[in-house]
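Trainee: Here are the chains, one letter per residue:
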Amino acid sequence: MNIIVCAKQVVDVSEMKVDSKTKKPILQGVPQKISDIDKNAIEEAIKIKDKHGGKITVVTVGPSDAKERIKELLAMGADEGVLISSTDKYDYRIVSSLLAEAIKKIGEYDIVLCGEASIDMFSGQVGPRVAGLLNIPQITYAQNINAEKDKTVAMRNMGDKSVTTESSYPVLITVTKEINEPRLPSLMQILGAANKPINEWSAGSLTKELQPKVETIELKGIPMQRKNIVYKDDVDDSVKKLVDSLAKEGVLR
Amino acid sequence: MTEEQKLFQKTVRKFCEKEIKPLASKIDKEEYFPWDMYKKMGKLGLMGMTVPKKYGGAGIDKICYMIALEEISRLCGSTGITIEAHNTLGNGYIYEAGTEEQRKKYLPRLTGGEAFTALAITEPNAGSDVGGIQTTAVIDGDEWVLNGTKQFITSGDIAEAIIVMAKTDKTKGTKGISAFILEKDTPGFKVGQLEDKLGLRGSKTAELIFEDCHVPKENILGEKDKGFYGVMDTLDRGRTAVGAMSVGIARGALEDSIAYAKQREQFGRPIGKFQAIQWMIADMATEIEAARLLVYRAAYLEDNNMSFSKEAAIAKLFASEIAMRATRNAIQIHGGYGYMRDRPLERYFRDIKLSQIGEGTSEIQRIVIAKRLGL
Ligand SMILES: Cc1cc2nc3c(=O)[nH]c(=O)nc-3n(C[C@H](O)[C@H](O)[C@H](O)COP(=O)(O)OP(=O)(O)OC[C@H]3O[C@@H](n4cnc5c(N)ncnc54)[C@H](O)[C@@H]3O)c2cc1C
Ligand SMILES: Cc1cc2nc3c(=O)[nH]c(=O)nc-3n(C[C@H](O)[C@H](O)[C@H](O)COP(=O)(O)OP(=O)(O)OC[C@H]3O[C@@H](n4cnc5c(N)ncnc54)[C@H](O)[C@@H]3O)c2cc1C
Chain A
28 MNIIVCAKQV VDVSEMKVDS KTKKPILQGV PQKISDIDKN AIEEAIKIKD KHGGKITVVT
88 VGPSDAKERI KELLAMGADE GVLISSTDKY DYRIVSSLLA EAIKKIGEYD IVLCGEASID
148 MFSGQVGPRV AGLLNIPQIT YAQNINAEKD KTVAMRNMGD KSVTTESSYP VLITVTKEIN
208 EPRLPSLMQI LGAANKPINE WSAGSLTKEL QPKVETIELK GIPMQRKNIV YKDDVDDSVK
268 KLVDSLAKEG VLR
Chain B
17 MTEEQKLFQK TVRKFCEKEI KPLASKIDKE EYFPWDMYKK MGKLGLMGMT VPKKYGGAGI
77 DKICYMIALE EISRLCGSTG ITIEAHNTLG NGYIYEAGTE EQRKKYLPRL TGGEAFTALA
137 ITEPNAGSDV GGIQTTAVID GDEWVLNGTK QFITSGDIAE AIIVMAKTDK TKGTKGISAF
197 ILEKDTPGFK VGQLEDKLGL RGSKTAELIF EDCHVPKENI LGEKDKGFYG VMDTLDRGRT
257 AVGAMSVGIA RGALEDSIAY AKQREQFGRP IGKFQAIQWM IADMATEIEA ARLLVYRAAY
317 LEDNNMSFSK EAAIAKLFAS EIAMRATRNA IQIHGGYGYM RDRPLERYFR DIKLSQIGEG
377 TSEIQRIVIA KRLGL
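Going line by line, the protein sequences match chains A and B. Every number in this note's numbering is 27 more than the matching position in the first sequence, counting from 1. Every number in this note's numbering is 16 more than the matching position in the second sequence, counting from 1.
Just chain A, with the same shape it has in the complex (with noise of 0.2 Å):
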């Protein structure tokens, strides 16, 4: 079975504080990490690779130093990595098409496994772009994957239900963070990543469509303020109060 991964390099928002002036996000100095969603998708790659066998690639579009981060999911367990170098004012249209055409380069691959978003911008789009631009089946939002020989079942988390969808090979499938817990990887084998091969591609030799249709003008933080509301009457007066408020608010229903 080969898999390719569709992994991206994002700033780690856990570290990431908002100009309170501007609300601007800051950036400078942000560490940067792979996507954990796309971790999960990783885990899955191996967890299906250590049951038929088989090759993991995984594919970043990304600036060079993104290199570094490839290296970690190379130690967890993916065989090789492909960088497609580029700027980061691509949109999603351009990734898409970016690792469509890198996973065709790529030629031989039965599954495609993508997070279900970044959890930087959160657009879940580039899952099914790549799906629909390379013409096969998606499965999207998957909690659970079994991969059979010949075809794959995957349980779709639907927010209030979850629904079971099968699909043959090839097929593209967008993993859920409660999927599975990515594994850390060992001593040994973050040693063992620096021999693993990472090609560098550039974004040019796949297409010559390189110019976004979608231009992000401004990023802000969304200001978050508290209201201050304190019940402090008799208690049954002050219980009756704040659900009161919390139906106003849209909070209960």
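Everything labelled a hint here was simulated from the structure, so no lab data went into it. Hints are not guaranteed to be accurate.
Unchecked claim - Reference listing, derived: stretches of chain A covered by chain B, where coverage requires no fewer than 3 residues with Cβ under 8 Å from a Cβ of chain B:
(1) 94 to 101
(2) 206 to 214
(3) 217 to 227
Said to hold, decoys possible - Anything over 12 Å on all C-beta distances counts as not near chain A; from chain B, calculated:
(4) TYR48
(5) THR152
(6) GLU223
(7) ARG285
We put the beta carbon where it would ideally sit given N, CA and C, even for glycine.
Given the coordinates of chain A, work out where chain B with the ligands should sit on it, guided by the hints.
Mentor: What follows is chain B with the ligands alone, placed relative to chain A:
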């Protein structure tokens, strides 16, 4: 730090947060020894960090080893010293001084988290003065016969293979000492009392008794009568490691203090707004960074085969002294809460004291440093 070192740090930190953090208080209060956790550490490579892959180790460099020790000790001093003693004093000594046969025989099990090792130098009448040990080893045909008592031996009661320092020439001091690998089920070997300690209570500290213990001739570790040099070399390595442990414990004190100073309010504002608290925290941070760099420097010199004995002593002396101060001030910053056992501050304070005693007291470090300065 290189990207690889950062990845090491991140990996070990995640492991520690998940596996050690929830147990740290129990390890201290109940003197609990988490066997399963050590097995998991073995899988990750933490039980044979600097031993080459060929013998089952992880084969990482000394700086990465220090990074790992800091992370482990940040959350649990007991685990820190157990890992340090096993990796440096036991595995390190066997690897550095052992023959190919000895390495192949002992290291794979020891590095895999299956078994522990220990180094037994200290005796009731010989601590700082290693030359004064009284345990003897006498040749008898194809075997060495060991007699004597060791004390304060970390993991001595659980170790499968113990390195025992003994006099092979009683007429000489330091020049008559040899090292032997003793397996735990050797007849005549007994574990005596387990110590009831101030800190590091989840680490085991045992008395070991040898009564006519017969050890095969080939179990001598390094050359006969040259054991003092082997053990001093091992202690040099251990000193950098105790420095890293100290940095780890001090970092715990610092991180907890910063968080508390932001959150605790007195006189209408967070105590972190008072200069008295700020200065304590600023000093802690400064000293910890300096100590960490001293530790990395000694490790770097070792990695690059340069002499590091003085630098290791400097790193250990400085790191253990500043960590003692950091843990003391962290209690101060926490006020009455710091004094109570439901927070880890008082544990840091008890645990760190060993760093000024074990593997050469602070006084002995100063002697080593002065000697290396030509005095
Ligand atoms: C928790 C713990 C774990 C340990 N683990 C191990 C282990 O795994 N293996 C092992 O072999 N040992 C171990 N030890 C023993 C440790 O190495 C010794 O305690 C240490 O070397 C000091 O020896 P001592 O306790 O006999 O003190 P002493 O040597 O009696 O020292 C007492 C005091 O005199 C000072 N002093 C001694 N000589 C001089 C001098 N020349 N100049 C100035 N001052 C001097 C010392 O600095 C100290 O302040 C452990 C100890 C502890 C507490
Ligand atoms: C064993 C024990 C027994 C006790 N017994 C009693 C008792 O019998 N009766 C009783 O009433 N209390 C008792 N206490 C409580 C004790 O008096 C308080 O712990 C002490 O007053 C400190 O208060 P705190 O713990 O709230 O620390 P905090 O007041 O929160 O202080 C935290 C830190 O902030 C510093 N700080 C606070 N304000 C300032 C400032 N303006 N400028 C600079 N630094 C500042 C403090 O010095 C300290 O370092 C006891 C405490 C202990 C540990």
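Trainee: For every hint, state whether the structure bears it out.
Mentor: Tested hints:
1. Only residues whose C-beta sits within less than 8 Å of a C-beta in chain B count toward coverage, and the segment 94 to 101 of chain A has 3 of them, enough to reach three; the restraint holds.
2. By the rule of at least three residues with a Cβ nearer than 8 Å to a Cβ of chain B, the coverage given for the segment 206 to 214 of chain A holds, with 4 such residues.
3. With 3 residues carrying a beta carbon less than 8 Å from a beta carbon of chain B, the segment 217 to 227 of chain A meets the three-residue requirement, and the given coverage holds.
4. Consistency note on B:TYR48: stated as away from chain A, and its beta-carbon is indeed over 12 Å from all of that chain's, at 23 Å minimum.
5. No beta-carbon of chain A is positioned within 12 Å of the beta-carbon of B:THR152; the least distance is around 40 Å.
6. Chain A leaves B:GLU223 outside its interface by the beta-carbon criterion, the shortest separation being 34 Å against a cut-off of 12 Å.
7. No beta-carbon of chain A comes within 12 Å of the beta-carbon of B:ARG285; the shortest separation is about 18 Å.
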